[in-house]
Structures are given as structure tokens and as C-alpha cells.
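S.K.: Those sequence lines, one after another, are chains W and S.
Residue 157 in the working numbering is what sits at position 157 of the first sequence, and the numbering runs on without skipping anything.
Residue 20 in the working numbering is what sits at position 20 of the second sequence, and the numbering runs on without skipping anything.
To be clear, the hints were calculated from the coordinates, so they are not data collected in a lab.
Since the model is a prediction, treat every value here as computed from it, not as a measurement.
Built from N, CA and C at the ideal position, the CB exists for glycine as well.
It is possible that part of the hints are untrue.
Claimed, not checked - With a cut-off of at most 25 Å between alpha-carbon atoms, the simulated DSS-like pairs for lysine-lysine come out as follows: (1) S/K89 to S/K77; (2) W/K243 to S/K89; (3) W/K172 to W/K35; (4) S/K86 to W/K172; (5) W/K382 to W/K286; (6) S/K99 to W/K286; (7) W/K226 to W/K353; (8) S/K86 to W/K352; (9) S/K89 to W/K286; (10) W/K172 to S/K99.
As the list claims (entries may be wrong) - Which bits of chain S does chain W cover? Going by a derived footprint, with three or more residues having C-beta under 8 Å, they are: (11) 21-34; (12) 84-98.
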Amino acid sequence: MQDDRRNEASAMTRRLLVLGAGTAGTMIVNKLRRKLPGDEWDITVVDRDDVHPYQPGYLFLPFGIYDENQLTKPRHDFVPDGVELLLGEIDRVDTETDTVRLVDGRTLDYDYLVIATGTSPRPDQTPGMLGPEWRRSVFDFYSLEGAGALARALADFDHGRLVVHVTDMPIKCPVAPLEFTFLAEAWLREQGLRDRVELVFVTPLPGAFTKPVASEHLGNLLDERKVAVESDFLVESIDNERKCLVSYDEREVPFDLLVTVPLNMGADFVERSGLGDELNYVPVDKHTLLSRAHDNVFAVGDASDIPTSKAGSVAHFSVEIFVDNFLAHVEGRPMTGSFDGHANCFIESGDKKALLIDFNYDTEPLTGTYPVPYLGPLGLLKETRANHLGKLAFRWVYWNVLLPGRPIPLPAHMSMAGKHPAGDTSTTVKE
Amino acid sequence: MTIATLAGHEFHVNEEGFMTVPAEWDEELGAALAAQIGLEMTDAHWEVIRFLRADFAETGETATLRRVGARSGVPVKQLFALFPQKPAKKMAYVAGLPKPHGCV
Numbered sequence: 001m002q003d004d005r006r007n008e009a010s011a012m013t014r015r016l017l018v019l020g021a022g023t024a025g026t027m028i029v030n031k032l033r034r035k036l037p038g039d040e041w042d043i044t045v046v047d048r049d050d051v052h053p054y055q056p057g058y059l060f061l062p063f064g065i066y067d068e069n070q071l072t073k074p075r076h077d078f079v080p081d082g083v084e085l086l087l088g089e090i091d092r093v094d095t096e097t098d099t100v101r102l103v104d105g106r107t108l109d110y111d112y113l114v115i116a117t118g119t120s121p122r123p124d125q126t127p128g129m130l131g132p133e134w135r136r137s138v139f140d141f142y143s144l145e146g147a148g149a150l151a152r153a154l155a156d157f158d159h160g161r162l163v164v165h166v167t168d169m170p171i172k173c174p175v176a177p178l179e180f181t182f183l184a185e186a187w188l189r190e191q192g193l194r195d196r197v198e199l200v201f202v203t204p205l206p207g208a209f210t211k212p213v214a215s216e217h218l219g220n221l222l223d224e225r226k227v228a229v230e231s232d233f234l235v236e237s238i239d240n241e242r243k244c245l246v247s248y249d250e251r252e253v254p255f256d257l258l259v260t261v262p263l264n265m266g267a268d269f270v271e272r273s274g275l276g277d278e279l280n281y282v283p284v285d286k287h288t289l290l291s292r293a294h295d296n297v298f299a300v301g302d303a304s305d306i307p308t309s310k311a312g313s314v315a316h317f318s319v320e321i322f323v324d325n326f327l328a329h330v331e332g333r334p335m336t337g338s339f340d341g342h343a344n345c346f347i348e349s350g351d352k353k354a355l356l357i358d359f360n361y362d363t364e365p366l367t368g369t370y371p372v373p374y375l376g377p378l379g380l381l382k383e384t385r386a387n388h389l390g391k392l393a394f395r396w397v398y399w400n401v402l403l404p405g406r407p408i409p410l411p412a413h414m415s416m417a418g419k420h421p422a423g424d425t426s427t428t429v430k431e
Numbered sequence: 001m002t003i004a005t006l007a008g009h010e011f012h013v014n015e016e017g018f019m020t021v022p023a024e025w026d027e028e029l030g031a032a033l034a035a036q037i038g039l040e041m042t043d044a045h046w047e048v049i050r051f052l053r054a055d056f057a058e059t060g061e062t063a064t065l066r067r068v069g070a071r072s073g074v075p076v077k078q079l080f081a082l083f084p085q086k087p088a089k090k091m092a093y094v095a096g097l098p099k100p101h102g103c104v
């Protein structure tokens, strides 16, 4: 009798399962735990480990601005009471039975599933990248180990060709390779080595960045810093013996030190579960983030295929919209929130200055001020010291405000007030 | 948005000359568009273009180079040989589709 009652109670309880306790997943469980009644909803979040990295900090490691200890905290510090954090490797999602199987054999049931397992650099996807030169003269900086190893290599580097390279789009934080280039250029100047080093930026895009207006601005910054740009370069392999990048159309770029951004892909379990596209991203409605194939599966943050930057700012803005939509959806009401692809990024440009850009699905990066129209204090598409300080201050905001899901006085949707289109796009979209 | 005329077809194009109404396209027009950028269509070219059209009909997005390479059976290396220099852009142009959105 008592057992029956318990079964009845648990049958009434609904289960939300979040895969990934990164930026998006952590914000989601914090916000939803406050909104979903504890006696009606169980919330569980799964991750493979208990180390939450502050990924924007990786960029600064090679230049000694941060050290590795400053960039990680335990994930469980950010998971609120009433949410279970489960550590384990995900094997696959079975959408027929609404279960997730872990590699260690455990099976988790869900009523609603949120995939927030992000995207990862995959050096194994380019022939030769993991060859004998890996972490000798070939480095990445999108991992804690990679950025640390690169710091040590840079300390010994005093002349030659330094090549910064992007394998293919989309990549996490698409401005970071440019920022790395600007910081490296400033660092070489400070060390008195700039005249002895040739700097080359190699990209699969037709210009410096994905958005034409920003590409023009950032391309000028590369010009001013005498950085050569090799564009429309899609790498086929890395020749370790001759130390050069080789493209599909048989161009070669030799290097003494290569800093590459490997192909980025979503988690392999997404592919094993039949939920992914060719890069293991989950196809979703770009405004609601609901899976196009399953009515009880969402993908939030870098794990989805939405056509905007893969970045923490996008995760943040989209989570705001997602939470309201989720609450409506589970009550059977239509989802009225519509994500606009809003992204904003600080771009370090060296010499303790930075730019800020703000854009969405439909609007090019704008000049003007942020977040307050006309007052700022942050200047858009302009190199200022305030932007640099903003970027450094963001680490505190990330741990103390963003991850705990506390309100940030920044609107999720992009606003046009106090901003001006940076150029007439009809004349700048041409290459 | 302007109207272009080519090979007896009238169709809408954007400022870069990409077609904006996929339904206005047919293979005859595709061959004429290819000629505009110096390409002569072969069976190998058509295999790629038909994949792009079918994939767009299904997903509503123009396939990226990597997606075409992964899903059409034509390797990326071959795509560079068929549509030299800027394959993603050229394939979309000939197929009467928007430039792929993958570049973000």
C-alpha cells in the first residue's frame, strides 16, 4: 500500500536531465531549480569530470597573464542544492525509451533532455596534426594543456615564422585566433623580437573574420601590425617533416611555430545516438532551441547547430530565452520566446586594449556604445583600455554572477539604441 | 534585390549575384550560371549540385563544404578540383542557393 503510494508520487515527478555542466548546463540547472517546484521535478546534470574551466582565460596563459591555477574550479561548487551532479561518461541517448546510458552501465531516465555538451577541438581530424611535431612546434591553445605547453614554447621562441591557423568554421569563440595574433604581436614587440619574427594568419574564410564589417576592421588591424593573411585556405594535412600546412588546393604555408585551432566538433555520443549533423551538432529550431527531431529534447550552448558564434555570451543570452520557453513547453503552452542569435565578444588587440563587438543572426557588428546607449562605458568596434579592463573583470562576473544564474542587467535580445551600422553592408559584403 | 535574365530565365538575385528564390532554378539555368563563372558542367559537377539541392530542400540551409564532403560521397579534395578556389561559394552560386551559413 505504502509502496503503491510511493510509486504514484514518483510517477507524478518529472525528470529533467541535463548533459554537460559547462557554461550553458550550469546556468540552466541554477535557473530552472528556482523555477521548477522541488516536489514535482527532479533535476540531474551529468558531466565526465568535476573541473569547470574558465575557457576565456586560455588565451592569456601563453603570455603569462594568468597561470593554470587561476582558471579552474570544481563544477559542484556551482550546482545548486536540489540538483544532482552525476559524474560519468555518456555512451548514448535512446530517444525511443527516453533514457541515457553511461559508459559504466548506469541508465538514466528522463522526461525532458537538455544536451549542453558543447564543442571540442579535434586535432585527430586533420592528418599529421598529431604527428611528431605535436606540442614540439605544433600547438593549440583551446585546452588547458595546450595553452600551458604553448607558454613554454613561446618562452624559447626568438626568431622565425609564427603561423596562427584556423582549420575550419565553426569554432568556439571565433575571435580568439585573432586575439591570439594581436597578443603575440604585442608580446614580441615587448620582448624586442618583433623584427626577427614573421607573423602569418591562415584562415579558411575569405577575410579576417566571419562578419564582413568586423572582418574589414579586424583586417585593418592585422595590416597595421604587419601580419600577412593567407585566406580561403582549407587545410588537408600537416607535413611534419617539412613543417608546413598543406591545403586541399595544394598551397603550402611553412612554419617554425604553428598555433592551430583544430576542427571543432560536438560530442561523439551525439553522433552515436543519431542526433547530430556532420560535425555532431544537434539540429534545433534556431529561435526555440528545441530539437527538430524530438519534442522533449533541447540543445543549448555550443552543442546545437544554430548559425551564430559558439561562445559563452551566446550561451548566456540563449539560456535566458530557453528558460521561459522550457517552462511554457512543459506546461503544454506554445513557446513565445525567440532567440535572435545575440552574441557579444571582447577582442583583445594587444597593449592592454580591446575592442567589443555585438551582433546577431540578422545584424552585422555595430559601432556605438554598450551596454548603455550613448554612455557605454564600453566602445563598440573601437580599441579602448576600458574594453580590456572589461574583459579581465569578466572572469569575476563569470564565476560569481553568470554560472549561478543570477540576473545580469544585460538584455538577451540585441538592442539597436545608441548603435550605428559600421558601414553600408551593401558595399562591404563583397569580397 | 534585382531581377536578372540569363538563358531565357528571369530570376531574383542579391547584390553578389546569388539567386534568392531557389524555386526559380532549374538545371538549364544551373548550367548557364556555371558558364558565367567559367565552369563547364560534367556528370561529376551535377552529382554535387543535385546533392546540394536535395539537402537544401530537406534542411533549409545550404550545405557547407565539409557537409558536402561528408554526405554526398564526393571528397573535399575533389570539390576543390571541380569548383576551384572557392568551392563552397561556387557550388551555391550554380545551385541557385544562398551562400552557406556555416561561416560563423
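S.K.: Against each hint, give a clear statement of whether it holds in the structure.
M.R.: For each hint, the structure was consulted:
1. S/K89 to S/K77: Given pair S/K89, S/K77 holds - Cα atoms ~15 Å apart, limit 25 Å.
2. W/K243 to S/K89: 30 Å, violated
3. W/K172 to W/K35: Outside the cut-off at roughly 30 Å; violated.
4. S/K86 to W/K172: 23 Å, holds
5. W/K382 to W/K286: 30 Å, violated
6. S/K99 to W/K286: Holds, at roughly 18 Å.
7. W/K226 to W/K353: 18 Å, holds
8. S/K86 to W/K352: 37 Å, violated
9. S/K89 to W/K286: 23 Å, holds
10. W/K172 to S/K99: 21 Å, holds
11. 21-34: Result for this restraint: violated, n = 0.
12. 84-98: Check passed, 3 qualifying residues.
Hints 2, 3, 5, 8 and 11 from the earlier list are contradicted by this structure; the remaining hints agree with it.
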